[in-house]
Amino acid sequence: MKTPRSEGIEGAAGGPLGDRPDARPPAGALPSPPHRSGPPTWPVTLGLVVTIAGAVGFAVSFILGAGNGWIGGFLAAALLGLGVALAWWGRDLAGDEVITAPYPVPHEDPEGRDALASALEQDTGVLTRRRFLFRLLIVGGAVFAFSQVVLLGALGPRPRSSLRTTAWTPGARLVDSEGVPVTRDALAAGGTLVAFPEGHVGSADAQVALFHFVNGDFKPQPGRESWSPEDFVAYSRVCTHVGCVVAQYEDEAQRLVCPCHQSSFDLLDGARVVFGPAGRPLPQLPLAIDEQGCLVAQSDFTEPVGPGFWDEGLS
Amino acid sequence: MSRRRLLNSLGSAFGVRRSPLRPVARWTDRNLGGGSRLVKEELRHVFPDSWAFFLGEIALYCFVILVVTGIFLSLFFEASQTPTVYEGAYQPLQGSEVSAAYNSVLGLSFNVKAGLLIRQVHHWAALVFVAALIIHLLRMFFTGAYRKPRVINWLLGIVLLITVGMNGLFGYSLPDDLLSGVGLRVAYSITESIPFLGPWLASIMFGGEFPTSGIIARIYPAHILLLPLGIMGLLGLHMGILWFQRHTEFPGPARDDRTMVGTPMVPAYALRTVGYLLLVAGVLTAFGAFLQINPVWLYGPYTPFDATTQAQPDWYMGWMEGGLRLMPGWDIRIGWFLLPAVFWPAVILPGLVFTPLLVWPFVDQWALNDRGFHNVLTYPSQRPGRLAVGAGFVTFLTVLLLGGADDVFANIWNLDVVTVVHALRAMVFVAPPLVAAVTYAIARKRSERWPV
Numbered sequence: 001m002k003t004p005r006s007e008g009i010e011g012a013a014g015g016p017l018g019d020r021p022d023a024r025p026p027a028g029a030l031p032s033p034p035h036r037s038g039p040p041t042w043p044v045t046l047g048l049v050v051t052i053a054g055a056v057g058f059a060v061s062f063i064l065g066a067g068n069g070w071i072g073g074f075l076a077a078a079l080l081g082l083g084v085a086l087a088w089w090g091r092d093l094a095g096d097e098v099i100t101a102p103y104p105v106p107h108e109d110p111e112g113r114d115a116l117a118s119a120l121e122q123d124t125g126v127l128t129r130r131r132f133l134f135r136l137l138i139v140g141g142a143v144f145a146f147s148q149v150v151l152l153g154a155l156g157p158r159p160r161s162s163l164r165t166t167a168w169t170p171g172a173r174l175v176d177s178e179g180v181p182v183t184r185d186a187l188a189a190g191g192t193l194v195a196f197p198e199g200h201v202g203s204a205d206a207q208v209a210l211f212h213f214v215n216g217d218f219k220p221q222p223g224r225e226s227w228s229p230e231d232f233v234a235y236s237r238v239c240t241h242v243g244c245v246v247a248q249y250e251d252e253a254q255r256l257v258c259p260c261h262q263s264s265f266d267l268l269d270g271a272r273v274v275f276g277p278a279g280r281p282l283p284q285l286p287l288a289i290d291e292q293g294c295l296v297a298q299s300d301f302t303e304p305v306g307p308g309f310w311d312e313g314l315s
Numbered sequence: 001m002s003r004r005r006l007l008n009s010l011g012s013a014f015g016v017r018r019s020p021l022r023p024v025a026r027w028t029d030r031n032l033g034g035g036s037r038l039v040k041e042e043l044r045h046v047f048p049d050s051w052a053f054f055l056g057e058i059a060l061y062c063f064v065i066l067v068v069t070g071i072f073l074s075l076f077f078e079a080s081q082t083p084t085v086y087e088g089a090y091q092p093l094q095g096s097e098v099s100a101a102y103n104s105v106l107g108l109s110f111n112v113k114a115g116l117l118i119r120q121v122h123h124w125a126a127l128v129f130v131a132a133l134i135i136h137l138l139r140m141f142f143t144g145a146y147r148k149p150r151v152i153n154w155l156l157g158i159v160l161l162i163t164v165g166m167n168g169l170f171g172y173s174l175p176d177d178l179l180s181g182v183g184l185r186v187a188y189s190i191t192e193s194i195p196f197l198g199p200w201l202a203s204i205m206f207g208g209e210f211p212t213s214g215i216i217a218r219i220y221p222a223h224i225l226l227l228p229l230g231i232m233g234l235l236g237l238h239m240g241i242l243w244f245q246r247h248t249e250f251p252g253p254a255r256d257d258r259t260m261v262g263t264p265m266v267p268a269y270a271l272r273t274v275g276y277l278l279l280v281a282g283v284l285t286a287f288g289a290f291l292q293i294n295p296v297w298l299y300g301p302y303t304p305f306d307a308t309t310q311a312q313p314d315w316y317m318g319w320m321e322g323g324l325r326l327m328p329g330w331d332i333r334i335g336w337f338l339l340p341a342v343f344w345p346a347v348i349l350p351g352l353v354f355t356p357l358l359v360w361p362f363v364d365q366w367a368l369n370d371r372g373f374h375n376v377l378t379y380p381s382q383r384p385g386r387l388a389v390g391a392g393f394v395t396f397l398t399v400l401l402l403g404g405a406d407d408v409f410a411n412i413w414n415l416d417v418v419t420v421v422h423a424l425r426a427m428v429f430v431a432p433p434l435v436a437a438v439t440y441a442i443a444r445k446r447s448e449r450w451p452v
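First to last, the protein sequences are chains A and B. The numbers in the first sequence follow my numbering, run straight up by one, and end at 315. The numbers in the second sequence follow my numbering, run straight up by one, and end at 452.
It is possible that part of the hints are untrue.
To be verified - Under the rule of at most 20 Å between Cα atoms (straight-line distance), these lysine to any residue pairs were calculated in the SDA-like manner: (1) K40/B - I99/A; (2) K40/B - R30/B; (3) K148/B - L64/A; (4) K113/B - E108/A; (5) K148/B - K445/B; (6) K40/B - E108/A; (7) K113/B - A59/A; (8) K40/B - R246/B; (9) K148/B - A59/A; (10) K113/B - P102/A; (11) K445/B - M427/B; (12) K148/B - I99/A.
By construction, these hints were calculated from the structure, which means they are not laboratory data. Every value quoted in this text rests on a predicted model; they were computed, and no experiment measured them.
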């Protein structure tokens, strides 16, 4: 902490930059030795020179179409130079004149404390005296304000079934990201690909990760024995945590991992959560294989895909 | 130096006999009805001298730079998700279908002179803005500047911090790159998790079920108009109250709660603060010139079926990201009712962080039975209890912030991410009280040895 220098002490105040004009030595006189050690002035000079050079460099490099490093470098130098000059100069002057001033202080007498309230009461008394009208005014204002909430309804549709349904329909063929139907021969055992319902490539909530497990690895969940023909299994790719795409496939552990928050799902065990913040397994899409050997959905997902919401269990 | 001399010297510095300020001042006085008297008094407005008082100014100047660079960017940005084919200067993405918003961001980055520089300065300014606000807040907290008569300004500051953070999140979402789209998806899911209202609120905010085609067009006016207006209003109030109340001051000779000691605004303080504005601008410009930030062309455009690893939000959202990662998936089901586990870290945790900050001045008044007003600050170690609470709070948020990058740490230290998460989960509960206790003991000893 700098201790305040008292005012009016000769020679105590004023650095080289704060010198009074009348303190200058007369013309022609030899420079007198410094009367006090103040901060040097060269940073100001240097700063201003850098500013001029930087500003010219900035303009030239901009006109010549130089890279961002040049344009930005020169501009930064110009700004920093001027900043150093002004801040240094101001910092030197700061000790020059130290003054005291009173802080605004709260009223300490009861009269002063209540002066505002009394004035307000007096000025608005004309309104509050008409008690019924005044209350009606308050009620009317409140009812009006709340009535405006309905405008929010215009901003988005009320979600009815949209969170519970996807584009999958009974018999919808699985296609890859190019729109080509996926046949039983398209995916060798041990392979995986991203699939969509036919006609809905790129669909956010219908996308599935399709796996063709090596014979015998996959154990279907009870009640889902018919969902995985020939060990083809499809899980929703929308993380049940906060909806990122569960895109990381760890083939050694047979897990699907969400790159956002590391929720890990055991693919061989109904996409059960084995680690991470997700609360429930990835929904499984019931599959079938049609006469042409194409993979199709038996139906839509039997539960909502993606993150949970309060009435998710109502269906 | 007398003011008259100063005015004359401004003119005489360039060889002008009479200062041009004189006619200007006369004109002002005539047109403001004697208002120059007020201005004259305010020239002598006293500023106490401490480096700590410039922390808030860094935040203020970041906002100035954000507005200036933001105006430039708004001339090129297109708030639309209409599919277009990218045909700009960046080779790897040429010919790919991207949204108009993403296309315009690539355009202003690669095809507009100094465009990338301005964009990077804008992003850096946002990151430093929040950092400066937080450091300023910590300074206020640890020196007791939140006490009466500055409770209102403390509260305004907290609301300002929340508003700025939200606008940062909006800005992060606008380029419609892969990371910003994933961020929006997470925001949608978090809103969805609110009991009873969630799905509807999410639909109202996004205009339907995610992903919607109009979300960028909705965020844009909020990012460049609504929230900046709010920030400007809050800053104006904050600064207006500060101007009226004056700065606090550290203890020192001749200083007490009724008397302040400092330097008049003109010329010393005015020079310094303009200098600091330029220094902040210079440092941010250097960052923008030499430190790459948010290279959206590497992330690629947002599609709802792509993902990227080691994705992080901007640093000030890191504590919420950490909460999302560290919270176990404890969904609560009662019959058909579901309370998703996400609700706790994403909705309750921010409340747990900001509510204590908002009520702290009142708790402090109550705990110390302190009814007085304070203009002289206390040093952090003078109040071991406050120091301990603050240190514990900061530790809590720091552990969460580390949690937001658990996969990065796992990668760096070659650990299993499971191990990192388990360690951090334990630290959330162990580290804050531990740090608080140690801080308390040290501060207690210090204040006993050097009582103030």
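A quick look at each hint next to the structure:
1. K40/B - I99/A: holds, 16 Å
2. K40/B - R30/B: holds, 14 Å
3. K148/B - L64/A: violated, 57 Å
4. K113/B - E108/A: Distance of about 61 Å is beyond 20 Å: violated.
5. K148/B - K445/B: violated, 28 Å
6. K40/B - E108/A: Status violated; Cα separation ~29 Å.
7. K113/B - A59/A: Holds, at about 12 Å.
8. K40/B - R246/B: holds, 17 Å
9. K148/B - A59/A: The given pair, whose Cα atoms are some 50 Å apart, is violated under the 20 Å limit.
10. K113/B - P102/A: violated, 52 Å
11. K445/B - M427/B: Not OK: K445/B and M427/B at ~26 Å, beyond 20 Å, violated.
12. K148/B - I99/A: Violated: K148/B and I99/A sit about 24 Å apart, past 20 Å.
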